[in-house]
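**Q** For reference, the chains in residue letters:
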Amino acid sequence: MKYAMKRSVAAGVVVLGIVALALPATAAEILNASYDPTRELYQEFNKRFAAHWKKTNNQDVTIKQSHGGSGKQARSVIDGLEADVVTLALAYDIDVIAEKAKLLPENWQTRLPNNASPYTSTIVFLVRKGNPKHIKDWGDLVKPGVLVITPNPKTSGGARWNYLAAWAYSLKLNGGDEGKAKEFITSLYRNVPVLDSGARGSANTFVQRKLGDVLLAWENEAYLSLKEFGADQFEIVMPSLSILAEPPVSLVDANADKHGTRKVAEAYLQYLYSPEGQEIAAKNFYRPRDPEVAKKYEGQFAKVELVTIDEVFGGWKKAQASHFKDGGVFDQIYKPGAK
Amino acid sequence: MALRLKQPSVLPGFGLAMGYSLLYLSLIVLIPLSALFVKTATMTWPRFWSVVTNEANVAAYRLTFITAIIGASINAIFGFIVAWSLVRYEFWGRKILDAIVDLPFALPTAVSGIALTTLYAPTGWIGAYLEKWNVSSLRQSLDAWWLPVFEKVQSLPAGGWLSWPLPSDLTIKAAYTPLGVTIAMTFIGLPFVVRTLQPVVEDLDQGIEEAAASLGANRFQTFRRIIFPRIFPSLLTGFALALARALGEYGSVVFIAGNMPMKTEIASLKIIQRLDEFDYAGATAIAVVMLVASFVLLLLINCLQWFSSRRFREGA
Numbered sequence: 012m013k014y015a016m017k018r019s020v021a022a023g024v025v026v027l028g029i030v031a032l033a034l035p036a037t038a039a040e041i042l043n044a045s046y047d048p049t050r051e052l053y054q055e056f057n058k059r060f061a062a063h064w065k066k067t068n069n070q071d072v073t074i075k076q077s078h079g080g081s082g083k084q085a086r087s088v089i090d091g092l093e094a095d096v097v098t099l100a101l102a103y104d105i106d107v108i109a110e111k112a113k114l115l116p117e118n119w120q121t122r123l124p125n126n127a128s129p130y131t132s133t134i135v136f137l138v139r140k141g142n143p144k145h146i147k148d149w150g151d152l153v154k155p156g157v158l159v160i161t162p163n164p165k166t167s168g169g170a171r172w173n174y175l176a177a178w179a180y181s182l183k184l185n186g187g188d189e190g191k192a193k194e195f196i197t198s199l200y201r202n203v204p205v206l207d208s209g210a211r212g213s214a215n216t217f218v219q220r221k222l223g224d225v226l227l228a229w230e231n232e233a234y235l236s237l238k239e240f241g242a243d244q245f246e247i248v249m250p251s252l253s254i255l256a257e258p259p260v261s262l263v264d265a266n267a268d269k270h271g272t273r274k275v276a277e278a279y280l281q282y283l284y285s286p287e288g289q290e291i292a293a294k295n296f297y298r299p300r301d302p303e304v305a306k307k308y309e310g311q312f313a314k315v316e317l318v319t320i321d322e323v324f325g326g327w328k329k330a331q332a333s334h335f336k337d338g339g340v341f342d343q344i345y346k347p348g349a350k
Numbered sequence: 011m012a013l014r015l016k017q018p019s020v021l022p023g024f025g026l027a028m029g030y031s032l033l034y035l036s037l038i039v040l041i042p043l044s045a046l047f048v049k050t051a052t053m054t055w056p057r058f059w060s061v062v063t064n065e066a067n068v069a070a071y072r073l074t075f076i077t078a079i080i081g082a083s084i085n086a087i088f089g090f091i092v093a094w095s096l097v098r099y100e101f102w103g104r105k106i107l108d109a110i111v112d113l114p115f116a117l118p119t120a121v122s123g124i125a126l127t128t129l130y131a132p133t134g135w136i137g138a139y140l141e142k143w144n145v146s147s148l149r150q151s152l153d154a155w156w157l158p159v160f161e162k163v164q165s166l167p168a169g170g171w172l173s174w175p176l177p178s179d180l181t182i183k184a185a186y187t188p189l190g191v192t193i194a195m196t197f198i199g200l201p202f203v204v205r206t207l208q209p210v211v212e213d214l215d216q217g218i219e220e221a222a223a224s225l226g227a228n229r230f231q232t233f234r235r236i237i238f239p240r241i242f243p244s245l246l247t248g249f250a251l252a253l254a255r256a257l258g259e260y261g262s263v264v265f266i267a268g269n270m271p272m273k274t275e276i277a278s279l280k281i282i283q284r285l286d287e288f289d290y291a292g293a294t295a296i297a298v299v300m301l302v303a304s305f306v307l308l309l310l311i312n313c314l315q316w317f318s319s320r321r322f323r324e325g326a
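Chains as they are written, first to last, in my numbering: chain C, 12 to 350; chain W, 11 to 326.
I should point out that these hints are in silico values taken from the structure, not numbers from a laboratory. You may find that some hints are simply not true.
Just so you have them, the derived chain C footprint on chain W, three or more residues with Cβ under 8 Å [to be verified]:
#1 60-66
#2 265-274
#3 285-297
The beta-carbon is built from N, C-alpha and C at its ideal position, and this holds for glycine as well.
Pulled out of the complex, with its shape left as it was, chain C reads as follows:
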């Protein structure tokens, strides 16, 4: 009895030793900190990348995913979540990681093509079947009696894109008049009955609780809702102008170097730009950058005039400071006595 136990303990120790020796030699592990709506995309992409890496480098790689609000994820990385790569909703959130925690160089966005955004998306309207309120464009959102569902831009990255798209529309309509744009955005948010804290929360409010006439949503999220709940309940409306959302990706240098995963993490991000990666993005309703893949999926994405943050707002830092910071334009909308 005693002997048998001793033997099994010894066997266990040997097995553990082999596992401990074998793991670092053959397998790599990277952590990708991403935002909420990319779950489905990276589930598929990670599998394909692991297979690709095994074939080209004969090494097993496990990719762990972490999802959450984009700002929250950035904060987690700053506070010590050891993500090797970040794939977030807006460049500002990665800027902050570079600025506050110095985990990556400040010029991170120039290290990969296309502003380090392998895929893009935009903001569209999801309306109820038959479009009973005849919502065609941004101008229809400020009409009395139209209820608009969008999350709180203070807590949601997606909501900031919604807000800035509406602002860009009004600027264009009124020849760049900021005062008019402010009036427009104020009357738009007067029609918002609930400000959920995140994009998924707003989608729930609109889809499950049936509140509101129009949901401002990521294009890929809108398509997912259609796929999930059926085209017999909702329709997607493309406004005349929208914003080019460029969700950026980056290596977190300090973490990758610490884990010795720089090579595989860099390859992981580059694979997003490969035809296979682009195809997976397109299948998950993200607009691909690769012209050939884009051509193949042309029918899936409506053609629309897309403006960029850099053109209209002079970059994320400026947009953040003038609109969403404490006392910014968004806060002024809700000041008592504001029009």
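Given chain C, put chain W in place with the hints provided.
**A** Then chain W, alone, in the frame of chain C:
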């Protein structure tokens, strides 16, 4: 015996226990809290003041404190009734009911938040009912009852009994209003009151109640003079716990609140918003305000409790 030895005690001596208590409290409570103050201290006074007195933040403190106090008060009353029923009566399913009381503790807060929102949203089971059952229909049904009676007694102005003070199209909305916030805060606070009252109600000697009755006290007098003074300190404890929990609640409230600036934003949401802006110091400033205000409030409740239990012991 001239030499008084230390009183024997079951657990090891005072020094060890006290040392452990201090270490434990420091690690778990005091160090994190002092970090809060240290972080706030990185701000300049004018900046601290501008964050703390920011209009939206002030509106958030007001909403949080008012709804938390209302929620805790509702719990104090109904929690007492629940505790009383659970202890004093034997009925089928009592054990199950007893277990249900703890559910608000056990559920992840986000789950209860989403469940409450689903129920109380205008499309939810309860929300839809409230929406239909608005004031004008309430008034109509009241009028249908009262008007014939009153018209017989005296002539009333046309339009009915409740007509002018209330707008007729006022519907009752629960989700996305302060009422919704109050409901969520009541939900999460219930177990505190019930669980603090149960042992006390169990300890009440029914003989004293019988004695009071035999000496000619009516039910109200027995309750006011015999039962209430005994349960009051524990009721206050339960109230204070429920209040403290409601003040800091986030998960179960954000979904039902609607988060409209100046109207239905709670203080914890304002803190999260600051964090999302990477304004750590601003977040801690709001937290410090909440902490100090809660501390003062809880201290007041403790004083009241101490005062009332002393008065009770002195037999006043």
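**Q** Each of the hints needs a verdict: does it hold here or not?
**A** Going down the list of hints, with the structure as the test:
no., hint, verdict
1, 60-66, "holds (count 4)"
2, 265-274, "holds (count 6)"
3, 285-297, "holds (count 6)"
In the structure shown, no violation is registered for any of the earlier numbered hints.
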